[in-house]
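S.K.: Please construct the entire structure, taking both the sequences and the accompanying hints into account.
2 protein chains.
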Amino acid sequence: MYTDRFGTLVQKLRLLPSVGSKSAQRMALHLLMRQRTGALELAQALQEAIEHIHECSICHSLTEHEICDICQDTERDDGLLCVVESPADVFAIEQSGSFKGKYHVLHGHLSPLDGIGPEEVGIPYLVQRLSQGQIREVILATNATVEGQATAHYLVESCKHLPIKITRIAQGVPQGGELEYVDSHTLHQALTHRLPLNQSS
Amino acid sequence: MYTDRFGTLVQKLRLLPSVGSKSAQRMALHLLMRQRTGALELAQALQEAIEHIHECSICHSLTEHEICDICQDTERDDGLLCVVESPADVFAIEQSGSFKGKYHVLHGHLSPLDGIGPEEVGIPYLVQRLSQGQIREVILATNATVEGQATAHYLVESCKHLPIKITRIAQGVPQGGELEYVDSHTLHQALTHRLPLNQSS
Ligand SMILES: [Zn+2]
Ligand SMILES: [Zn+2]
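In the order they appear, the protein sequences are chains L and V. Heads up: the first sequence begins at 35 in my numbering, then just goes up one per residue. Heads up: the second sequence begins at 35 in my numbering, then just goes up one per residue.
Incorrect hints may have been included.
The list treats identical chains as one, so a pair stands whether inside a single copy or across any two.
Taking lysine-lysine pairs in the DSBU-like style, the calculated list, with each CA pair at most 35 Å apart, reads [to be verified]: (1) K194 to K56; (2) K199 to K134; (3) K56 to K199; (4) K134 to K56; (5) K194 to K134.
Since the hints were derived computationally from the structure, they do not count as laboratory data.
M.R.: In structure tokens:
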């Protein structure tokens, strides 16, 4: 009943998160009936984004350059490193305006049952970065989920040998909540009232 | 904080129906982090769809050809015409499997306050199609909304001079409901129990 290309478009729109077949069909029709120019602009934007946006070679957030704007910013505190699970969390914390250090973006969180261990998450690279001596405090801002907590605990163990203060954002982040959906005020509270987790703090 | 191209992608994703800025950001990150190949396939599918899919020159539904498969289908009843507001409604009725006639797709419904009158909706072209004498019954399957009802009533008036039976899908379509979201069984009921609206019925 669909034309071939319509079916393909619906199928590809389903690659978007939380888009089922009804939504995808609705999106395809909307674009074809009312947003034909916009659809071409979206196609162009997708191609440009995939071609030019990649991971920052230092913090692993997303950038169009070799090194992202935040890593390059000499006015930010190089001694303070905020560890998050995803670039979305960097965006959320930046929007809260409560942090002026640098970031380190993990590839998600530990999930042993899915075969996602320290190597896949990028923990060895983070420990190596911390070993270089420039960083005096690490703020663990992984999600307040079971996996995010486990990842934070694992990081505390991995950094035991380093003379670095380790803190965990705490106050205000609701249990089970995912960082990118927390409002700016709550994030501000969480960063301001961060709690020490190890002894050199 | 966004890179330029990330911001552009988020903005273009917002052209999709029911996608706000948070959803668009989530979609952009999902594509960049986990669906880079899929994103390029989506871009390609969008371009191909816009290039090749257009209105059928007879029924105004969507097709990749000059005339759509349904209009070309000689096994369907040429004397029975189902009038709908959008190609999505054609899809919904086809999925219900309860109709073997032909279709006519209006450009939405009458909406005088938005400057959308009979000409914009394509009613003169429909009346012209009906005047050719091949059609013996018109099933008005515009939405069961206030605008869809008004459009159906306007069509009854516009066809008064023609020796054509006019019916309206009725039973089962919930008041205020939009046709493309109605389940197949309800659509089947609505088509089976259609009610005559004018005197030549
Ligand atoms: Zn960076
Ligand atoms: Zn057609």
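S.K.: Take the hints in turn and mark each one as holding or not.
M.R.: The hints, checked one at a time:
In this homomeric assembly, K194 and K56 never come within 35 Å of each other (Cα to Cα): the closest approach is 51 Å inside a single copy and 37 Å across copies. In this assembly of identical chains, K199 and K134 lie within 35 Å of each other by CA distance solely inside one copy; the values are 17 Å within and 73 Å between copies. In this homomeric assembly, K56 and K199 come within 35 Å of each other (Cα to Cα) only across copies, at 33 Å, whereas the closest approach inside a single copy is 50 Å. Within a single copy, K134 and K56 get their C-alpha atoms only as close as 43 Å, which misses the 35 Å cut-off; across copies the closest is 23 Å, which meets it.
In this assembly of identical chains, K194 and K134 lie within 35 Å of each other by CA distance solely inside one copy; the values are 25 Å within and 73 Å between copies.
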